[in-house]
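Protein chains: 2
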Amino acid sequence: MMNETRTWEWSAEEIRRFGYRVVDEITEHLTRLPTSPVFRPFPPDLAERYLNEPPPTEGAPADDILTAFKEDIEPYPFGNGHPRFFGWVNSPPAVIGVFADALAAAMNPSCAGGNHAAIYVERQVLDWFKQIVGFSRDSMGLLVSGGSMAALTALAVARHAKCGFDIRSKGLQFSPRRLVFYKTSEGHGCNQKAIEVLGIGSENLRIITHDSAFKMIPAELDRVIERDLREGNVPVAVIASVGTVNTGAIDPVEEIADICARRNVWLHVDGAYGAPAILSTKYGPALGALKRADSLAVDPHKWLYVPVEAGLVLVKDAELMRSAFSLVPPYLRTDGSTSGVGGLPWFSEYGFQQTRAFRALKVWMALKHHGLSGYRRAIDADITLAEYLAKSIDASPDLELCRPQSLSIVCFRFAPARLKQNPQALESLNKTILETIQLSGRAFLSSTVLNGKFWLRACIVNPRARLEHMDELVELIRQTGLQCET
Amino acid sequence: MMNETRTWEWSAEEIRRFGYRVVDEITEHLTRLPTSPVFRPFPPDLAERYLNEPPPTEGAPADDILTAFKEDIEPYPFGNGHPRFFGWVNSPPAVIGVFADALAAAMNPSCAGGNHAAIYVERQVLDWFKQIVGFSRDSMGLLVSGGSMAALTALAVARHAKCGFDIRSKGLQFSPRRLVFYKTSEGHGCNQKAIEVLGIGSENLRIITHDSAFKMIPAELDRVIERDLREGNVPVAVIASVGTVNTGAIDPVEEIADICARRNVWLHVDGAYGAPAILSTKYGPALGALKRADSLAVDPHKWLYVPVEAGLVLVKDAELMRSAFSLVPPYLRTDGSTSGVGGLPWFSEYGFQQTRAFRALKVWMALKHHGLSGYRRAIDADITLAEYLAKSIDASPDLELCRPQSLSIVCFRFAPARLKQNPQALESLNKTILETIQLSGRAFLSSTVLNGKFWLRACIVNPRARLEHMDELVELIRQTGLQCET
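Chains as they are written, first to last, in my numbering: chain H, 1 to 486; chain U, 1 to 486.
Below, a list of computed lysine-lysine pairs in the DSS-like style, where the Cα atoms sit at most 27 Å apart: (1) H/Lys-170 to U/Lys-170; (2) U/Lys-420 to U/Lys-453; (3) U/Lys-162 to H/Lys-170; (4) H/Lys-420 to H/Lys-391; (5) H/Lys-453 to H/Lys-420; (6) U/Lys-282 to U/Lys-391; (7) H/Lys-453 to H/Lys-431; (8) U/Lys-170 to H/Lys-162; (9) U/Lys-431 to U/Lys-391.
None of these hints come from the bench; they were simulated from the model.
With the rest of the complex left out, here is chain H (with noise of 0.2 Å):
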C-alpha cells in the first residue's frame, strides 16, 4: 500500500530515475530481441493468473509495476520486432517513433484541433504524404488508427459525395436505389466491414475477377458498374488495392481511374500495405497513378515501420470531406487562421474521432530520421530480399513458389515430388509445417489460401531483415517439412 499522494506527484528525480528504468528496459528488449525466440505461447498458468486477477483496491510502486511488466510481458512478444518474423504485415517499430510515443504520451494534446504545435505537426505529415503520392496541396486528410479507419473515412465520404441525397439526415433506409461498391475477393476484409458498419450491406459489394496475378481485370469492371447503371443502382466506388494483403498484387490502377473517371464513379485506393512502395526504384513509375485517386489509404505503421497505431488516410475533395463529417454548420465554420485561440479548420470536422491522440510526432520523427531515400532504401532492401527468397524457392524441388512474387511478400508451399498428385496431404502437411515453425521460436510466418490451396505465405517488412535470414528460412522449411512428414 502507498502514501496517498504520492502516485499523482511525481517529483522530477522521480520522473527521470523511472524513466530511465523504463528505458533500460527497452533496450535491453530491443537489443536482445535478435538472439531471442521469435515467440513463445503466452505460458498457461500466467494466462489463468491474468484471467483471474481482481483489479487492484489499493495502488502499487511504479517498480513493482515495471518488474512484473519485466517478468511476465516483455518475453512474450507478438513477435514482429524480430528480423525472422515474417506474419501478416507487422514491420519492428523504428526505434526513435518508440521513443516520439513517450514524447507524445508526455504532452497529451487532443488534436481535435486548436492552435498548438500538435496540429502543426500532423499538417506538416499530411503535407509530405500528399506531395510523395501525388497528391495536390488543397487535399486533406487525416491521421487514424489504421487502414479500417482509413477505409470506413474515405468510403464514408465516398457515400456522401455520390448518393444523390443527404444520407447523413435522412439514412439509407430513404435510398430510393442501391448504392453498390466494387473490389476484387483479394481486396482487404476492411473494406467489406467498412461496407457493413456503413449500412451498405456486404451484398452491394460487387466482387470483380481478377486475373491469375490476383489483379482487377478493368474490363470485368466497367462491364459490372454498366450492369448496375442498365439496371438503375447507383455505383458509388471502386475500392482498388495497391499491395493486396495475400500476394503484394497490384491491381492496374491508372486503367481503372479511367473507368471511374468516365463512369463517375469514386476511386478509392487501398495501400494500407503497399503505397509506400512508391519510393522504391522498381514500384515506383507504376505507382505514380495513386495521385488519381480521390481517396488513399496508407499505414504508416506498416511499410514505413512507424510503431502502431499509425495509418493515414487522404481525400483530394476537402470540402466534401468536411461536409460528410463536420457537425459544425456550414455559417459558423472557420477557414481558420494561424493566430489566435482557434486555429486551423479543426481535424475533427474531417473525419470521425473527436479527441485524436499526437499520433503525428512519431510519423513525423521517423520521416526526419530516416528521410525519404533513407525509406527508398530499406523499401528497396526488403523487396530485393522477397525476390532473393522467391528465386531459393523457385531453386529448390522441394518446395513450390506461388506466383507472381509481387511486393515484398512471398507464397510458397513444401511440395515434395511424392506429395505432388495428394492435395489434401500437401495442405495437411503444409499446416503442419506451419505450426510447428510458429511453435519453435525460430521464425514466424503467416499462411493463405490461394486458387483453393493452402499456401505458407511470408511478408518482409524489416529494415533489419537480411540474406542470411531468407537462407535460414528456406533451411528451416526444407528441414521441419521433412520432419513433420515422417
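Keeping the supplied structure of chain H fixed, place chain U upon it in accordance with the hints.
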C-alpha cells in the same frame, strides 16, 4: 546526411543514450508545466514554416530532431497537463501511462489476437472494468480510440441485434421499416456522428426532451417509443448519458433501463466522461445502475487520467458483439485456448479494427499504480473542487452559476448586476473574457450554450488541481471581466 545503415541499426548504447535524453525532456516538460503559461498559440511564423516545409529527402540525426521537438513543439502544448487547464474533458497524463506508451511501442504488437502477453493484459483490463461497473464475466469488450469509436461499436451491435434482418449482408436499403434511436439534445455529438456513419440518418435519431437539470425525462422517452411502435418503426437503442459533456448531467439510467426492458430496446450508456464516477463516494450508489446497460462507453483517457487514446466499450452479450463484426464464418471460429499459437478468440472479431495497438498497457499500469482507492480519492477530490468552485461563484454577486452543478463540471458567467437585463452584452462580454483568459496563459476554460445562453465552462479532471487553483480562477474571471468591460 547520414550513414546509410545507421538509422535502422541502433546499438544498445545509442538506444539508451537517446532514450535518457528523451526522458530528460519528458521530465523537464512535466515538471515545468505548472509554472509555464497554460497555453500560448503556436507562433504564426513557425506555423508558416511548418505548413511549407517539404518532405525530408535525407535523414537527420535523432538528436537534431529531438532538439527541434524541444524548440518548436514542446513549448506549445494543448494545455491539459496544467493544473489551471479547465477546458473540455481533457485530463493530464498519468506519468506511469506516459512510460507505458513507450514500452507498448517498443513491443509494438498487433492486438488483433494471438497468444502473446498483450492480449492477456487487455483481457485483464476488460475484466477489471466489467467488475467495476457490474457487468458479468462472460460479457465482452474492447479498448478503442475513444468515445466515438465506442459509440460506433456499441450502436453497430445494437443495430445488428434489433433490426430484424441480416443487416450485414442486406444493408439498410433493404430495411422495410425505419430504424430509430433516442437521446437528448445534451447527448454527445459523437453519438450523432455514429448514427450517421452507420447509415441510420440523423432524422432517425429522436431527440428526447430533458428536464431543467438536463436529464432525459423517462416518460417522454416512453411516449416517443410508443409513437414509433404505433407508426411501425423499429426502436433500436436509447443512448443515455452518464455525465453530459456540457454540464455533467446524468440521465436516470435505472428508469430508462426499465423502459428499455419493457419495450425491448437496446440501452447504450455513454459514460465516456462520467462512468468512472461509479468509484466516487457521492455518485457511486446512483451509478450502480450502469450494470443494466446492454453496452457502455467509458474513456480511461478522460477521468482516469490515462494518456489518449484510451477508450473502452463493453457489450453485455459477447456472442452478439462477435456476430456483428466477425468475418470468420461461425464454423471456423474457435472458442480459443490458452495454449498454442491462436490463443483466445480474437479481438478483431469483436470490433472494427484489425491491427490494434497495445493501448491496454497504459490502462493496466495506471490502474495498478493508483489502485481503485487512488482513483476514488482523485475523483472525489475533483468533485469536491468543482463543488467548491460552484459555491465560490454562487457567493460572488458579479458571477452567475448555471444550476444544477454536477460531477466535476461548473458552468457560469460573469454577470454584473448592471448587465443582467442585457443578454447580448452579457454574451459578448463573456466571449471576450473567454478568449482573453485563454490567450493570457493564466488558465484555460471552454464554453457552451445552455438554455440559449452563453456560458463559461470549467471541467476539473486533474489529480493535481488544488483549492488555490479554484480561488485563482474566480479571481481571474472577476479581474478579466472588469478589465474587458471597460
